[in-house]
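Trainee: With chain E fixed as given, assemble chain X onto it according to the hints.
Taken in order, these protein sequences are the chains called E and X. Per our numbering, the very first residue in the first sequence carries number 1; after that it's consecutive. Per our numbering, the very first residue in the second sequence carries number 495; after that it's consecutive.
Everything labelled a hint here was simulated from the structure, so no lab data went into it. A virtual CB, placed ideally from N, CA and C, is assigned to each residue, including glycine. Heads up, none of these hints are tricks.
Just a few of them, taken from the derived set where beta-carbon distance is under 7 angstroms, the chain E residues facing chain X:
| no. | residue |
| --- | --- |
| 1 | D116 |
| 2 | F123 |
| 3 | V394 |
| 4 | N435 |
| 5 | D438 |
Derived, one-sided and incomplete: chain E residues facing chain X with beta-carbon distance under 10 angstroms:
| no. | residue |
| --- | --- |
| 6 | S120 |
| 7 | A122 |
| 8 | H203 |
| 9 | E441 |
| 10 | A443 |
Protein chains: 2
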Amino acid sequence: MAHPVNERPVIVAANRGPVTFERDERGELVARRGAGGLVTALLGALQEAGGLWVAAAMSEGDREMSTASDRGRIDMTPFGASYGVRYLDIEPDVYDAYYNHISNRILWFMHHYLWDTVRSPAFAEPAREAWSHYVDVNRRFAHVLAEEGERATGSPAYLIQDYHLALVPRFLRELRPEALIAHFSHTSIAGPMYFRMLPDGIHEELLDGMLGADVLGFHSPAWAENFLLSARWHRGIRVDLGRSRIQTTGRDVAIRVHPISVDGDAMRTAAATPEVRAARRELAAWKGDARLILRVDRLELSKNIVRGFRAYEMLLRRDPELHGRVRFLAMLSPSRTDVPQYVQYAEECVAEADRINDELGDDAWTPIELRLREDYPGALAAYALYDVLMVNPVIDGMNLVAMEGPLINRRHGVLVLSRNAGAFGRLGRYAVPVNPFDVVEMADALRTALQMPFDERSRRARGLSRLVLSNPPARWVNGQLADLDRARDRRRSA
Amino acid sequence: MAHPVNERPVIVAANRGPVTFERDERGELVARRGAGGLVTALLGALQEAGGLWVAAAMSEGDREMSTASDRGRIDMTPFGASYGVRYLDIEPDVYDAYYNHISNRILWFMHHYLWDTVRSPAFAEPAREAWSHYVDVNRRFAHVLAEEGERATGSPAYLIQDYHLALVPRFLRELRPEALIAHFSHTSIAGPMYFRMLPDGIHEELLDGMLGADVLGFHSPAWAENFLLSARWHRGIRVDLGRSRIQTTGRDVAIRVHPISVDGDAMRTAAATPEVRAARRELAAWKGDARLILRVDRLELSKNIVRGFRAYEMLLRRDPELHGRVRFLAMLSPSRTDVPQYVQYAEECVAEADRINDELGDDAWTPIELRLREDYPGALAAYALYDVLMVNPVIDGMNLVAMEGPLINRRHGVLVLSRNAGAFGRLGRYAVPVNPFDVVEMADALRTALQMPFDERSRRARGLSRLVLSNPPARWVNGQLADLDRARDRRRSA
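Just chain E, with the same shape it has in the complex (with noise of 0.2 angstroms):
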């Protein structure tokens, strides 16, 4: 049974528009649209229901569009679409105070754990300051959302995406007591010794700012048991763990479970292409009758890169016969080069490829083959390819790598796959599966899927493949619009 979305507004807040804005060569403004599962999955529903999108404006194109428009609203008809979109304006410095400070070096460190205790977080004043234009610009939001809330025709299903925008749920609420609201987070989430590690005001708002919702929604139970459990440290609030339920004034917050997934067809049209298969002709060249281990990744702090090197280089030592048999292919895409860590990170990361490959490698074979690029043609074309793909990440909200490569791979793959991704949820039972702090396991891993019997291997990656198919970008939206269906009949049967 399809979900009945149409009937009734759909609007969506994330950071990030569907679309931005830039001129081509012409010098007209063409709409360049996101990749990935999440914009696909919940521009169906906006599609469906004509809704809207709220964002942050990324280009010069997006504020001219927004000028141009109606009161804001960019009708995305002329761009053969049937929804809006509407960018928030916000200066350079609290956008990068917000942004970047807050979301991406406190929030997104806190939730995936990354902090070495002893040494950071130290909150200073500077963390304070920038806190306060987040808090600002999560209520430009709110606002944004309850006018357009107004204007729409019914009352609209409000969906909130990621940590960016934690505090949004209870300003909406402020402004419009009566709205459905959902939030989505897409990262992991911190259990409560480390959400406490926040200085006591914000701890406290991040989680009355999210509990203004009606549903939470996560990605794995993992992450919704961690908020649960962290929530149960705030004043004023039951918790109910068996029930994922938790109680503030006057309201039920449901905790919900949704994995988001990839798009199959998109995915495997995107593989298709020329650019795609001469990258795969070179790559199989390049490749040879070596056997093949890939990862392809941000270089995150999370992706726990250095040690997947080490297991690796583990495996070399014990079995040498392996030697010049397999290559190790890391495909990394820059990421937060402005962030300290992250560039030094990067450079652990290639010395530890240099070192391996010096100590082990010879003029013949390069044990570890590094590509640091944006390359996601590359990506799809490795895909196709790999006899074990490797994602192990430290913590990860979901990880859609653990899906794309079983998607597009061709030689019946193994994934080797970290417990501690989202992923595993669903995924791991056609999984290796490794602890990713344990170098000895991966390695371990790393050659029982090499190992793996060619029945063993095929089972497992029409499993996984069967996986991903099933659990299509609608049914992830859809499952939050029924969620807010059910807190609706709630609130009137209350």
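Mentor: For chain X alone, kept in the frame of chain E given last:
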């Protein structure tokens, strides 16, 4: 009502014994007693019951005494006491693996959240080898405990101490299924995200090991809760969070909170010696008219010394009036100087104090006085004189400094206390609370403490002193023995 401890024998197991035998200047073996509330409390119970303490031999003297004694059991009567000691003679390399590698470099880091997760832990083969020695030592403890239990008249109460001996309850249970076993953790306890960073087998063996006990004791509700939450991930058991109980195969495990305290009489006696008086006079002269902020700590990663200095620096920068009128005395005793992380952290502490002294001090005034040595008489002297006692650990099982200070202090000094110290559970309401990761809040707390009116300081100081004295060490041990009585009654009625 006093607890009837002498109803049955008591057997304590701890890594370290209550005494160490050393040769004095005349070549005689003499027993040197360890300090602290733990030894006092446990010896109290042992003396009443004529019990036994089992520990690893620490000295050649310990080994000699063992060899000379009846089946390894050293009778302490010639040394003016009424209990026995039995030492396990553990080979140096095995002891190193069990104590340094596993207990202090892995379990201590885990329970205190000290890992820099992007890089550590990274478990490789040495950790697994060391773990096998940890298992071995725990098994040997269990064998000796079982043997001594058979020699005892009546079923003894076993009191197993701390994370070094986490597997002893299970091994002892296997040898003596009906044994009454309490295990007490003196550290903080890792929540599930951290516990699961251990290699799979180790993580499970640890939980299994502890769950061999009838009662698991912790210093603070936060650590008991973390244990319950970590255990929820364990197979084959049922965790009842509300009732703080765990059901495992055919048995019930009670999770209990017994905050330990210090021995008030012993401390006040120790603080009245001529040596302490002399040190106090010297310190008082050094201090002059300045207000004194004091910290007394092991130079330990979890103690948060650098952030404490930064908070003091922020206080001084905000209020130049304080320059020359306040002094920060940091008495830091070297700790684990064979562990690279501790050496590096000690260097960072010194560098930070030097920097602040350079930038803010002058010829007449040094903002921070660092004393880097083991100096208990000096600490007792300084306790008497502080205006503010700073106890701001990142995470701390209990923290006895927060109790010793207020017992000895003569100036109605104010306690600034981390919410993450186990001691916060009881003492928090009379302290100025701080989030140890929040430098601003710690700077504010120092100012609040320095500016606090006399009446308020006095009320709080009295409150702290009263709370400490109302919880004598015997209460801590009697609480555990009462737990074991209840466990026995429950078992009989089952």
